[in-house]
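Now for the letters of each chain:
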Amino acid sequence: MSKRSRFVLILVVLAVCFAFLWPSIKWYTLTPKEDQALALGSREKIKDYSRNMAVADLRQLIEDARADKQEQVPVKFASLIKEAKKNYKAMKKPVPAVWTPRILLAAFPSESDAMSFVENEYRNRILSIKRTQASAVKLGLDLSGGMSIIIKADLEKAAAAQGDAIGNMATFKAEAMAQVLDTITSRIDKFGLSEPVVRQQGEDRIYIEIPGTADSDRINSLIMGKGMLAFHIVDQEATASFLQYLQAHPTSTFDAEYNILDKSIIPADTQVLGTYKKDAYGIDERTGFLVIKKAIGLEGKHIKSAESRRDDMGRPVVNFILDSEGTGIFGDLTSNNVKESLAIVSDGKIKSHAVINEAIPGGSVQISGFSADEAENIKAVLRTAWLNVPLQLENQQVIGASMGEEAIRQGMWAICGGLAAVFVFMLMYYKGAGINAVVAQVLNFYIMFSVLSALNLTLSLSSIAGMILTIGMAVDANVIVFERIKDELRLKKGRQASIEAGFDHAFWAIMDSNITTFIAAIFLSQLGTGSIKGFAYSLAIGVVSSVFTALVVSKLMFNFNTDVMKNKNVSISWRVK
Amino acid sequence: MKKTIKFSKAFLPAVIISSILIVSGLAGYFTKGVNLGLDFQAGFIEKVRIAPTALSLSYSGSQSVNVSQSSAGIDLVVTGVSSDNQTFSFPYAQYPTVGDFASAVVSVPGVTVNTEASATTALKAIFPDSSALARLSAEPYRFHYVPEGIAAISSDEIREAISSLPDAAVQVIGSPSDRFFQIRLEDDGTDPEASQNLRVGLNSILGEKWGEENIAIVGTDFVGSRFSSSLASQAFWLVLATLILIWGYCSIRFRWDFAVGGVLAIMHDAIIMVAFIVWTRMPFNSTTIAAILTILGYSINDTVVIFDRIRENMRFHPEMTITEILDLSQTEILGRTIITTATTMLAVLSLFIFTTGDMKDFALALLVGMVSGVYSTIYIASAFISFVSRFRKDRGIETERKKAVKPLVSGEVV
Numbered sequence: 001m002s003k004r005s006r007f008v009l010i011l012v013v014l015a016v017c018f019a020f021l022w023p024s025i026k027w028y029t030l031t032p033k034e035d036q037a038l039a040l041g042s043r044e045k046i047k048d049y050s051r052n053m054a055v056a057d058l059r060q061l062i063e064d065a066r067a068d069k070q071e072q073v074p075v076k077f078a079s080l081i082k083e084a085k086k087n088y089k090a091m092k093k094p095v096p097a098v099w100t101p102r103i104l105l106a107a108f109p110s111e112s113d114a115m116s117f118v119e120n121e122y123r124n125r126i127l128s129i130k131r132t133q134a135s136a137v138k139l140g141l142d143l144s145g146g147m148s149i150i151i152k153a154d155l156e157k158a159a160a161a162q163g164d165a166i167g168n169m170a171t172f173k174a175e176a177m178a179q180v181l182d183t184i185t186s187r188i189d190k191f192g193l194s195e196p197v198v199r200q201q202g203e204d205r206i207y208i209e210i211p212g213t214a215d216s217d218r219i220n221s222l223i224m225g226k227g228m229l230a231f232h233i234v235d236q237e238a239t240a241s242f243l244q245y246l247q248a249h250p251t252s253t254f255d256a257e258y259n260i261l262d263k264s265i266i267p268a269d270t271q272v273l274g275t276y277k278k279d280a281y282g283i284d285e286r287t288g289f290l291v292i293k294k295a296i297g298l299e300g301k302h303i304k305s306a307e308s309r310r311d312d313m314g315r316p317v318v319n320f321i322l323d324s325e326g327t328g329i330f331g332d333l334t335s336n337n338v339k340e341s342l343a344i345v346s347d348g349k350i351k352s353h354a355v356i357n358e359a360i361p362g363g364s365v366q367i368s369g370f371s372a373d374e375a376e377n378i379k380a381v382l383r384t385a386w387l388n389v390p391l392q393l394e395n396q397q398v399i400g401a402s403m404g405e406e407a408i409r410q411g412m413w414a415i416c417g418g419l420a421a422v423f424v425f426m427l428m429y430y431k432g433a434g435i436n437a438v439v440a441q442v443l444n445f446y447i448m449f450s451v452l453s454a455l456n457l458t459l460s461l462s463s464i465a466g467m468i469l470t471i472g473m474a475v476d477a478n479v480i481v482f483e484r485i486k487d488e489l490r491l492k493k494g495r496q497a498s499i500e501a502g503f504d505h506a507f508w509a510i511m512d513s514n515i516t517t518f519i520a521a522i523f524l525s526q527l528g529t530g531s532i533k534g535f536a537y538s539l540a541i542g543v544v545s546s547v548f549t550a551l552v553v554s555k556l557m558f559n560f561n562t563d564v565m566k567n568k569n570v571s572i573s574w575r576v577k
Numbered sequence: 578m579k580k581t582i583k584f585s586k587a588f589l590p591a592v593i594i595s596s597i598l599i600v601s602g603l604a605g606y607f608t609k610g611v612n613l614g615l616d617f618q619a620g621f622i623e624k625v626r627i628a629p630t631a632l633s634l635s636y637s638g639s640q641s642v643n644v645s646q647s648s649a650g651i652d653l654v655v656t657g658v659s660s661d662n663q664t665f666s667f668p669y670a671q672y673p674t675v676g677d678f679a680s681a682v683v684s685v686p687g688v689t690v691n692t693e694a695s696a697t698t699a700l701k702a703i704f705p706d707s708s709a710l711a712r713l714s715a716e717p718y719r720f721h722y723v724p725e726g727i728a729a730i731s732s733d734e735i736r737e738a739i740s741s742l743p744d745a746a747v748q749v750i751g752s753p754s755d756r757f758f759q760i761r762l763e764d765d766g767t768d769p770e771a772s773q774n775l776r777v778g779l780n781s782i783l784g785e786k787w788g789e790e791n792i793a794i795v796g797t798d799f800v801g802s803r804f805s806s807s808l809a810s811q812a813f814w815l816v817l818a819t820l821i822l823i824w825g826y827c828s829i830r831f832r833w834d835f836a837v838g839g840v841l842a843i844m845h846d847a848i849i850m851v852a853f854i855v856w857t858r859m860p861f862n863s864t865t866i867a868a869i870l871t872i873l874g875y876s877i878n879d880t881v882v883i884f885d886r887i888r889e890n891m892r893f894h895p896e897m898t899i900t901e902i903l904d905l906s907q908t909e910i911l912g913r914t915i916i917t918t919a920t921t922m923l924a925v926l927s928l929f930i931f932t933t934g935d936m937k938d939f940a941l942a943l944l945v946g947m948v949s950g951v952y953s954t955i956y957i958a959s960a961f962i963s964f965v966s967r968f969r970k971d972r973g974i975e976t977e978r979k980k981a982v983k984p985l986v987s988g989e990v991v
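Sequence lines, in order, name chains A and B.
One point on numbering: in my numbering, the residue at position 540 of the first sequence is 540, and numbering is uninterrupted.
For my numbering, add 577 to where a residue sits in the second sequence, where the first one is 1.
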């Protein structure tokens with residue numbers, strides 16, 4: 001490779017690494033804490049936030065328009081003005097010089113168009129911060145503090161409870177596991193904690209990570225608690241008055257966990273729950289609120305089976321069959337509440353609600369009035385009533401924030417101490433050539449961090465340990481080259497010849513030794529627990545980047561000193577000149 | 578040309594010394610057993626401080642208020658579904674005492690504070706209870722502190738208090754006046770709700786004895802019995818697979834006897850480390866396994882560099898015997914071996930000095946493995962190659978000699 005192309009390669013690598021590193025810099029240093037908190041909140045929170053902000057903005061704009069204010073609207077409407085300009089141009093009208101509230105509003109066909117535009121602006125801003133966070137280096141629980149949990153789902157027991165009803169065991173397990181994951185995700189989401197991680201590990205384990213400090217008792221009962229499916233009667237009058245109240249007090253109706261602040265706005269025997277639908281990505285999306293009676297109409301345990309199909313008219317319907325006790329209860333319930341609405345409530349979310357048209361005494365129930373996808377979802381919800389997968393907590397770790405602080409401090413000291421010791425040693429032992437090793441080392445760290453960031457890996461104390469070990473290993477490649485160059489110099493070769501021969505001879509020794517280490521690191525990364533994974537990943541990345549810095553960067557520095565600085569000797573040892 | 582050091586003369590004593598070390602390690606393993614860490618032995622560990630409440634914060638309102646403490650100060654981040662999102666920062670530099678903080682924090686809407694420590698207590702010295710939710714609510718969020726001159730609590734007092742719990746082990750962290758303890762309870766696998774019951778049981782006893790508001794949990798760790806057994810077998814297969822792969826790569830790049838010599842050398846290092854872990858009663862957990870696997874990768878690095886030089890010398894010095902070539906190669910590479918190991922050890926030493934707990938053990942195990950790695954590279958791998966060569970028809974080098982048709986450009990032939 002020519003010197004120029006090597007130089008270009010190094011520049012490209014540095015630029016690409018900076019691009020990888022940019023989201024981390026942006027997230028940790030340039031994003032204010034309250035924006036971080038918003039972006040880390042649940043999608044439901046983000047939606048509510050952008051909605052409320054848009055409503056407030058539009059209300060102000062409309063008031064100003066009514067007052068017929070003649071001055072320019074505030075700066076925060078800049079993007080709305082941009083959109084309005086486009087509309088004016090599309091309508092082939094002249095673009096006004098001063099954007100008064102009235103002119104601005106007139107650019108949109110209706111107020112709700114303007115509002116949904118503003119709402120989208122707010123949402124996109126938060127979502128773009130969220131994306132930055134997603135591609136930034138994340139701190140592991142041992143550094144940030146928080147809780148990690150591994151739960152085992154006892155699928156054998158769940159299958160045994162089903163008896164002969166199971167056709168295909170593999171499908172049953174996959175479905176049951178999907179259901180457990182879904183339930184746990186939705187329960188944790190509802191709690192509104194920042195950026196929880198829920199993922200399946202192996203066939204029957206679930207890994208949960210909740211950053212920040214957390215209350216073990218509440219989280220445990222939340223996750224391990226039994227799922228509860230029930231039918232409740234909807235209080236339509238209370239719902240209507242509640243929705244009116246909500247519209248008047250959009251920001252002060254609920255606290256952070258969607259509990260009602262002012263309990264007196266609904267009757268004492270009722271509660272407010274959100275109604276949910278699955279969005280296009282299969283994530284629960286809140287569509288509204290209903291006030292339901294606290295008293296359970298019928299417990300889910302009475303459901304014997306549920307299926308979805310199409311009725312004679314081709315409309316999707318869900319049928320479910322009740323046991324004999326349930327049939328009696330349901331018959332009474334429906335005959336007493338004809339023309340009332342019945343809600344299916346699972347884990348504090350209303351999954352569906354339908355009007356009772358007539359008393360249903362037979363124990364076979366049919367509900368209709370939704371799309372085929374929704375019918376599938378409702379069937380899945382009803383199944384949770386009798387498909388019970390026992391969960392067992394296998395591993396739980398709570399790391400206090402103070403422990404995390406301490407770990408960060410220790411890690412920083414260890415890295416600085418290690419780097420300083422190695423730098424001093426290399427400069428003293430290899431004199432001028434030591435500078436190459438130091439530069440290579442610094443670049444090494446830069447590349448390691450950016451690759452960690454690009455691969456979305458977590459930075460933990462063990463990955464810091466991996467980096468520290470890499471300091472030593474990375475120096476090795478430099479040492480092999482330097483020793484080779486010294487060998488050549490002893491034979492009275494010139495500077496250029498010694499350097500070229502030194503690098504040539506060292507090449508395979510470096511490759512062989514680092515490939516074997518790489519193999520070990522890759523295997524290490526396959527060992528289950530997170531801490532070892534972090535260590536192995538940073539070791540593997542460090543091995544690759546150290547080969548690059550030793551063979552490409554360090555050589556270019558030697559060449560630069562030969563060609564540009566016109567050095568004749570190599571400053572590499574106290575003895576060999 | 579430097580004088581060649583006759584490493585080969587020490588092959589026999591080295592093998593004998595290694596064998597003694599390995600046998601003593603095995604003896605230790607069978608007589609004393611391994612001090613299994615939490616990863617391999619089901620149980621519950623809690624790090625807890627018994628310290629009075631300094632102040633508590635509570636909140637009522639529609640926002641979500643998160644508290645975080647860092648080395649710079651205490652932050653309250655207020656977010657909600659409307660425009661009043663804000664961060665309130667209370668740096669220690671500006672609010673050095675609890676009193677300063679308490680009078681300032683009430684400026685955050687909806688937040689109330691209840692101070693119990695004296696107003697002059699340093700704000701830096703207070704710490705939160707990790708088991709509380711960092712989002713403020715009506716339930717008070719407590720910060721704790723250790724007042725000047727408070728009586729120390731010995732580990733015996735704790736042990737006595739929790740004597741009703743089976744197989745409890747108590748350890749003091751720091752000095753006794755810090756009132757910082759690590760308590761470990763065992764899980765015999767009979768209770769399916771062990772995680773919950775052990776934690777609640779321990780905390781209620783501590784709460785009864787010292788007052789619930791005086792208990793600050795720093796961290797907890799629970800490993801169930803089924804989890805630990807799956808990790809052990811996984812670790813075993815992983816070590817084996819790593820050895821096989823390294824052997825495979827070396828067989829392709831070098832000769833089979835080099836590959837076996839290399840793998841023997843790194844197995845030697847792994848066993849020496851296990852012996853060290855057994856005799857020092859260091860807890861054996863996933864971090865220790867990581868240390869062993871790291872040494873497998875690190876030590877083979879050393880060994881491969883020497884193999885590379887041996888092969889090269891075989892081609893350049895056809896007149897030498899295998900023993901002479903081994904000695905020559907070792908001598909030539911000795912500088913590199915020492916410097917590389919020294920720099921890596923400097924880095925790991927820094928890790929050893931600045932960290933505590935598992936990481937410190939990890940660094941110590943690595944240091945031992947590195948020393949063993951240098952030694953095994955020089956003596957074990959080479960001794961094996963020299964031993965095998967005695968039985969080879971080509972005396973170990975003739976095949977390589979034939980490959981050296983044209984000499985590579987190197988100083989050695991000049």
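Be aware that a few hints might be false.
[What the hints assert, rightly or not] Examples of chain B residues lying across from chain A (beta carbon under 8 Å, computed):
id, residue
1, S585
2, P743
3, D744
4, G788
5, N791
6, Y826
7, S828
[What the hints assert, rightly or not] In silico EDC-like links for lysine to aspartate or glutamate, alpha-carbon gap of 20 Å or less:
id, chain 1, residue 1, chain 2, residue 2
8, A, K152, B, D765
9, A, K349, A, E405
10, A, K152, B, D798
11, A, K85, A, D35
Calculated from the structure, these hints are not laboratory results.
All C-beta atoms, glycine included, are put in the ideal place defined by N, C-alpha and C.
We went through each hint and held it up to the structure:
{"no.": "1", "hint": "S585", "in the structure": "22 Å, violated"}
{"no.": "2", "hint": "P743", "in the structure": "19 Å, violated"}
{"no.": "3", "hint": "D744", "in the structure": "19 Å, violated"}
{"no.": "4", "hint": "G788", "in the structure": "18 Å, violated"}
{"no.": "5", "hint": "N791", "in the structure": "16 Å, violated"}
{"no.": "6", "hint": "Y826", "in the structure": "6 Å, holds"}
{"no.": "7", "hint": "S828", "in the structure": "12 Å, violated"}
{"no.": "8", "hint": "K152/A / D765/B", "in the structure": "18 Å, holds"}
{"no.": "9", "hint": "K349/A / E405/A", "in the structure": "38 Å, violated"}
{"no.": "10", "hint": "K152/A / D798/B", "in the structure": "17 Å, holds"}
{"no.": "11", "hint": "K85/A / D35/A", "in the structure": "29 Å, violated"}
Consistency with the previously given hints fails for numbers 1, 2, 3, 4, 5, 7, 9, 11, ordered from lowest to highest.
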